Amino acid sequence: MRIMAFDYGTKRVGVAVTDPLQIIANPLTTLHPDKLWPFLHEYIKSEAVVTFVVGKPRQMDGTASQSAEHVVGFTRRLQREFPNIPVVEIDERFTSKMASAVISQSGMNRKKRQNKETVDTLSATIILQDYLNSKSIY
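Heads up: the sequence shown runs through residues 1 to 138, numbered per the numbering used here.
Hints in this document: simulated from the structure, not taken from any laboratory. As the structure is a prediction and not an experimental result, all values here were calculated from the model. Keep in mind that the hints are not guaranteed to be accurate.
25 Å max Cα-Cα, derived SDA-like pairs, lysine to any residue [claimed, not checked]:
#: 1; residue 1: Lys45; residue 2: Ser134
#: 2; residue 1: Lys35; residue 2: Phe82
#: 3; residue 1: Lys45; residue 2: Glu69
#: 4; residue 1: Lys45; residue 2: Gly73
#: 5; residue 1: Lys11; residue 2: Asn133
#: 6; residue 1: Lys56; residue 2: Glu69
Label pairs and their in silico Cβ distance ranges [as the list claims (entries may be wrong)]:
#: 7; residue 1: Arg80; residue 2: Val50; range: 14 to 24 Å
#: 8; residue 1: Phe39; residue 2: Asn84; range: 15 to 25 Å
#: 9; residue 1: Glu42; residue 2: Pro86; range: 13 to 23 Å
#: 10; residue 1: Leu21; residue 2: Gly73; range: 28 to 38 Å
#: 11; residue 1: Val88; residue 2: Glu47; range: 24 to 34 Å
We treat Cβ as the ideally placed atom computed from N, Cα and C, and that holds for glycine.
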């Protein structure tokens with residue numbers, strides 16, 4: 001039973017999942033938003049997903065960012081398409097910067113470091129790992 005996380009954007013959606021024991025967050029894929037829904041329906045047929053985690057974009061002062069309204073629409077559709085899977089939203093401030101920092105320190109070549117899909121997938125992984133870490137505190 002896995003937990004799946006999303007770094008939602010209007011051009012790309014980064015997706016990450018846990019291992020079946022829900023210990024480690026792993027990057028899964030980056031998709032165009034239109035291709036996400038068929039992908040999710042297929043994935044959920046073969047893998048049990050018990051929770052969706054969605055990164056909620058915020059400004060530095062904690063207020064919703066401009067892209068937050070898109071994430072609200074995405075979250076609503078997720079709840080409509082998969083009513084039996086709970087959706088948890090977590091603060092995603094700094095995840096893209098953290099992902100870029102990890103990528104730059106990883107030794108990847110320049111072309112791969114500049115690939116925005118890599119950043120989005122890694123951002124989703126960081127969102128998911130943050131969620132896992134917050135669960136283990138309690």
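Hints versus structure:
In summary, the hint linking Lys45 to Ser134 is not supported, as the alpha carbons are separated by about 28 Å, beyond the 25 Å threshold. A hinted pair counts as satisfied when its Cα atoms are at most 25 Å apart, and Lys35 with Phe82 qualifies at roughly 16 Å. Proposed proximity of Lys45 and Glu69 is contradicted: the alpha carbons are some 29 Å apart, above 25 Å. Restraint check for Lys45 and Gly73: satisfied, since their Cα atoms lie roughly 24 Å apart, inside the 25 Å limit.
Note on Lys11 and Asn133: the hinted pairing is violated, with a Cα-Cα distance of about 28 Å set against a maximum of 25 Å. Distance restraint check for Lys56 and Glu69: the Cα-Cα separation of roughly 10 Å lies within the 25 Å cut-off, and the hinted pair is therefore satisfied. Under the hint 14 to 24 Å, the C-beta atoms of Arg80 and Val50, about 18 Å apart, fit the expected range. Our hint of 15 to 25 Å for Phe39 and Asn84 holds, since their Cβ atoms are close to 18 Å apart.
For Glu42 paired with Pro86, a C-beta distance near 21 Å keeps the hint of 13 to 23 Å intact. For the pair Leu21 and Gly73, the supplied restraint of 28 to 38 Å holds, since their beta-carbon distance comes to about 32 Å. Under the hint 24 to 34 Å, the C-beta atoms of Val88 and Glu47, about 18 Å apart, miss the expected range.
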